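Residue numbers (this note's numbering), protein chains in the order written: chain A, 1 to 428; chain B, 1 to 427.
The hints are simulated quantities; they were obtained by calculation from the structure and are not laboratory data.
Nothing here was measured: the structure is a model prediction, and the numbers come from that model.
The hints are all genuine.
Only pairs whose alpha carbons sit at most 25 angstroms apart, straight line, appear in this in silico BS3-like list of lysine-lysine: (1) B:Lys347 with B:Lys419; (2) A:Lys397 with A:Lys356; (3) B:Lys332 with A:Lys167; (4) A:Lys4 with A:Lys356; (5) B:Lys347 with A:Lys69; (6) B:Lys332 with A:Lys117; (7) A:Lys285 with A:Lys296; (8) B:Lys212 with B:Lys225; (9) B:Lys347 with B:Lys413.
Heads up, incomplete: computed chain A residues facing chain B, CB under 8 angstroms, no partners named: (10) Ala24; (11) Thr241; (12) Leu361.
Some chain A residues flagged as far from chain B (calculated, every beta-carbon gap over 12 angstroms): (13) Phe81; (14) Pro225; (15) Thr326.
Glycine included, each C-beta is placed from N, C-alpha and C at the ideal position.
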Amino acid sequence: MRKKIQEFNLHNGLKVLLKEIHTAPLISSWTWYRVGSKDEATGNTGISHWVEHMQFKGTPQFPANILDKAIARDGGHWNAFTFLDWTAYMETMPADKIDLALRLEADRMANSLFDEKEVASERTVIISEREGNENEPLFVLGESVQQAAFRVHPYHHEVIGDLADLKTMSREDLYQHYRRYYVPNNAVLGIAGDFETKVMLKRIQELFEHLPAGDVPPRLERPEPEANGEQRITVEGHGETTYVQVSYHAPAASDPDFITLTVIDSLLAGPSNLNMFGGGGTSNKTSRLYCAMIDKELAVSIGASQVTTHDPFLYNILLTVHPDRTAGEVLDALDVELHRIREERVSGAEIARAVKQARALFAYGSESITNQAFWLGHAEMFATYQWFLSYLERLAKVTPAQVQDAAQRLLRPQCRVVGIYRPAGGDQ
Amino acid sequence: MKAQILSAPHSLPGPEDITRIRLGNGITLLTRANDSSPSVVISGYLPCGALFDPQEKLGLADFTALALMRGTSQRSFQQIFDALESNAASLAIGGGTHTAGFSGRALAEDLPLLLDLLAEILFQPVFPDDEVERLRAQLLTGLSIRAQDTADMASLSFDQIIFDGHPYALPEDGWPETIRAICRADLVDFHARHYGPSGMVLAITGAIEPQKVAALVEKQFGDWKNPQQPEPPALPGLHPLQETTRRKVSIAGKAQSDIALGCSGPTRNSPDFMPASLGNSALGQFGMGGRIGDVVRERSGLAYYASSSLSAGIGPGAWVVNAGVNPGNVDKTIDLVVREIRQFLEKGISAEELADSQSNYVGRLPLMLESNGGVVNALLNIERYQLGLDYYQRYPALVQEVNCEMVLEMARKYLHPDKLAIAVAGP
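All chains should be modelled from the sequences, with the hints used to inform the complete structure.
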């Protein structure tokens, strides 16, 4: 993954990262904006995600329903994603067709229509998306845990937003949000694939450099105060399955503790795969929590997720409780393992294994040009691309003492929210 | 932009670079080298799927496949996964209707490890009692979760209507009572009878040298024999629906209902497949879900997802529209979709719609075949459906030779708006 990356800054503040890869006749382009659900005040929750939907609803040059057909006709793949910290638009195209994607992104950086009728139609689509999420017990549990974990910080609400706001936000709210944040000086363009850098840069300048810079509002900064102690919440629902989510306040991706937590995560629950595309990881059946929870028949599945975020977010451990066990038994066993990682120093060999796993996952991810392009801009949303380049090197330097120190500070019960999804009438 | 294409000529897989070898015991090996990748992907199948399941022990084939990795005469469950995970490799096997399918990935130097483990779990599984019980609890939990999943239950119910009286109506992961009825001896017996080299297919791609891989596979698998291995059972005929049949699966507490609506479809190797597939693209795939996506999502704002799919395999396939909608909008959505299907059958698709989908099918090939995983899937498609080693090279021509009349003929052959299966799962 260490082929040469070239960085350029256009006069209007647009940052461009280019990486030539000539293994397949493909180019993947990613346009990132520094706006996500973290930038939403109460009353406007879900607005960044809704704006992302509206970006598919046309400009004077590319009317709605023309864009998707144009991309599909060329055999391309496109999508968009809204997250806590960012919104991203991607296209992976046959190399000789990438111009369409570039013209489209330059155009919708400034010229989206936000037609009133389209806003009305998309309101019910997004409410339907939220209803689909609500069908999933893990969404319901995750949303409740997140709300409990963040009283002050805007990470407290789900990216999709609250139903009350989805019902009341207006076209004007959406359009103003778009105009405020969709400016070149708030964006990063990352492109990887089968092109010549000089030719690509010239075309990017032609298409993007005339777009005026804007006054981007400062990001909503409302740091979460330190928790006073463990919180426990229970969600009741239908079904027969009990789930437990234990979420610890976790460091931001740029914090040196993040990489130490990566090692801890790998030991506890198997290596997290940070690749968005073309990954393929490994299983977690030899991880500490699998051995303690699944082999001991307390749970039937275990997973954990570490998230690359701009501000401190959560390290989530998720367990599906064995049908003959209770959430309480699972939590007791989990606490034994967490106590162990805080009190017993891990071996250098365990860390070396985690590093080898991470190295292999990086190698798997390099198979996909889309994934390589993803990382160019993605790392810029919470740190810089250097974060990605130095990731394996930093991981290899983590010591057993650092692991213990970080576990003692980060994995204290006082720093967590315990959430239980309990089938109505189920175990107590 | 006139992008300067700098890549080396990128060829589609074909007879020049696919090595296909038949071992003496009936195993077929397909390989293709990919020098730009540091890793290797293996995938394949054995003809021992759920078609062999007794009704009262439905899920036996899947249970057996999943239990293979729970311990061998050489290694315990933990030792198997320690060997894999220490090297960031993966290997998994599970049951389908016709076959048990496996797949694995590793850094290229660990291919011998993957093949060694694959041979070990196929030849010498021991089905430890405690592991079988752990697995059973996991399967039962999976079925509880399935029973609460509106999309899964709509799909299951749809299959029960459309494939009534046919093995495809049965879920290969079984029912809670059939999973409880399976004992360890059933797994041992199923493995002993049905697992063998005849009909096994193995595809490998990545940073490999095909000749070396062939020697390795011959060494690991060449001596495998199972004289009692049966022929796959013949599929019975399908009784087409005589009228529209609608079923509701009630799942309390859900905010959204899932709809599955459609008819049976062609087999994968039928000449009907390509025109039907292009027709399906226009109906419910192209762009943001074709005509179905346009009418249900874009114009009516009824659903976050609405599309159609044509799933085609060895036996009869299914041509199905899926949408997730507010429970209050189920009937309205079904009416819109049926109206759209009627219109599709009346007028067919336009030349422009066909050209769009044809262009998409040909244009997306480089992306589909970019990764080792994509190439391995292509190799398995070639073998499973006997498409010919040059299939992906002929593919653009196969796509282009379809015309609007052929699409309309296939739509009228398979889609019958008065004989639809309609399954709804929700509150």
